[in-house]
Amino acid sequence: MPVGPNDIETGRKLFEEGGWSSGDPYGPDQWFSDDGVMRDIVSHAEALNGKEEIRQFWASRKVGITLRVPVEEVYVAEGHRGICLLWMAYSQVMDENDENYGKWRSFEGMSRLEFNDEGEVTLEVDYHHGGQGFVDSWVEHWNRRRAMKWEDLGAITGGPFDD
Amino acid sequence: MPVGPNDIETARKLFEEGGWGSGDLYGPEQWFADDAVMRDIVNYDGAMRGKDEIRAFWGGFWRNRKVGMAVRVPVEEIYVAENHRGVAVMWMAYSQVTDERDEHFGKWRCFEGMSRLEFNDAGEVTLEVDYHHGVQGMCDSWVEHWNARRAMQWEELGAITGA
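Residue numbers (our numbering), protein chains in the order written: chain G, 39 to 201; chain C, 661 to 823.
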């Protein structure tokens, strides 16, 4: 079955509203199949198997509370029911002893998602290289990226702007 | 203009035959626009601008690491952008250790990743951005490793790293 509009909508929701950006560690569950598999090549390169394992790992790292992952673009597979997402990620520094307390780590990356016949996510793999810098406000940083031309955006990293 | 079959063919060639996997430092530029931009989020913190700068960087990079151009980047899947002329390429990368003093001499570093490509109206690549996290392991034969991956079911393949 090819990718449909609902799959693209699911991909966006998984990363944005209700999902990884929701502040709720149970949020992403609603789009994963029970036997969903997740890998993150930086934080957990080996497979997390099933909703429980996925939730437990990310909740233990407080991800979902201080994370925002707005999507910049969606790409669709030609040969199977899968998509890729290009995203920015922002995770807030919550340790009061950290010199960057309150700031947001920012980084760019891509993820691939696979879907089953019910439209549930059976696989998520995240490709990135971790934090590329710190910004004071993720909203301000994201809005500046959104205001740029697509061509200019491709030439800059996910770190803070130079000025 | 939407992505066409020629763009997908260009993407495959850029990474495989004639391109990054060719052994020829001048190979990839036959598909780049003169003002093309390239970024690699692990190996280059910024943008390489133009064919000369791209070639000069990778020439120096490979010389310094003594890997020559013993690189292979076979493509596993290609995804097509919804809103513009761009693709996402999922690949495996293999770079051979050619330093005789290295304990892994003759073996191949292996890792997984994704890249995004943009095209201009002439079908030339105007942007390449590589998303990965560097080396995930070593293998004796890149061909054997690649063939073992190709023999796996798509679902199983998603659950394993590039090691």
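Quick caveat, the hints were computed from the structure, so don't treat them as lab data.
For each residue, glycine too, the CB sits at the ideal point set by N, CA and C.
Check each hint, because a few of them may be wrong.
Stated by the list, open to error - FRET-style restraints, in silico, Cβ to Cβ:
id, chain 1, residue 1, chain 2, residue 2, range
1, G, E189, C, G664, 31 to 41 Å
2, G, D136, C, V702, 19 to 29 Å
3, G, D155, C, E742, 35 to 45 Å
4, C, A707, G, E55, 30 to 40 Å
5, C, D800, G, D201, 23 to 33 Å
6, C, F721, G, W188, 21 to 31 Å
7, C, V702, G, W188, 47 to 57 Å
8, C, G710, G, G157, 38 to 48 Å
9, G, S98, C, L685, 27 to 37 Å
10, G, D201, C, A782, 41 to 51 Å
Inset, instruction - Could you check the hint for me, namely that G:E189 and C:G664 are 31 to 41 Å apart, CB to CB? - result: violated (19 Å)
Legend entry - Consistency of beta-carbon spacing, G:E55 to C:A707, with hint 30 to 40 Å: holds (32 Å)
Inset, instruction - Please test the hint of 41 to 51 Å on the beta carbon pair from G:D201 and C:A782. - result: Since G:D201 and C:A782 have Cβ atoms about 33 Å apart, the given range 41 to 51 Å is violated.
Legend entry - Hint check for G:G157 and C:G710 - Cβ pair distance inside 38 to 48 Å: holds (44 Å)
Inset, instruction - With 47 to 57 Å as the target window, see if C:V702 and G:W188 comply at their CB atoms. - result: violated (23 Å)
Legend entry - Pairwise beta carbon distance, C:F721 to G:W188, judged against the given window 21 to 31 Å: Between C:F721 and G:W188, where Cβ atoms are some 28 Å apart, the hint holds.
Legend entry - G:D155 paired with C:E742, Cβ distance criterion 35 to 45 Å: violated (22 Å)
Legend entry - Pairwise beta carbon distance, G:S98 to C:L685, judged against the given window 27 to 37 Å: Violated, at about 45 Å.
Legend entry - Distance restraint evaluation - C:D800, G:D201, Cβ atoms, bounds 23 to 33 Å: violated (49 Å)
Legend entry - G:D136 versus C:V702 beta-carbon gap, inside 19 to 29 Å or not: holds (24 Å)
Violated hints, in rising order: 1, 3, 5, 7, 9, 10; the structure is consistent with all others.
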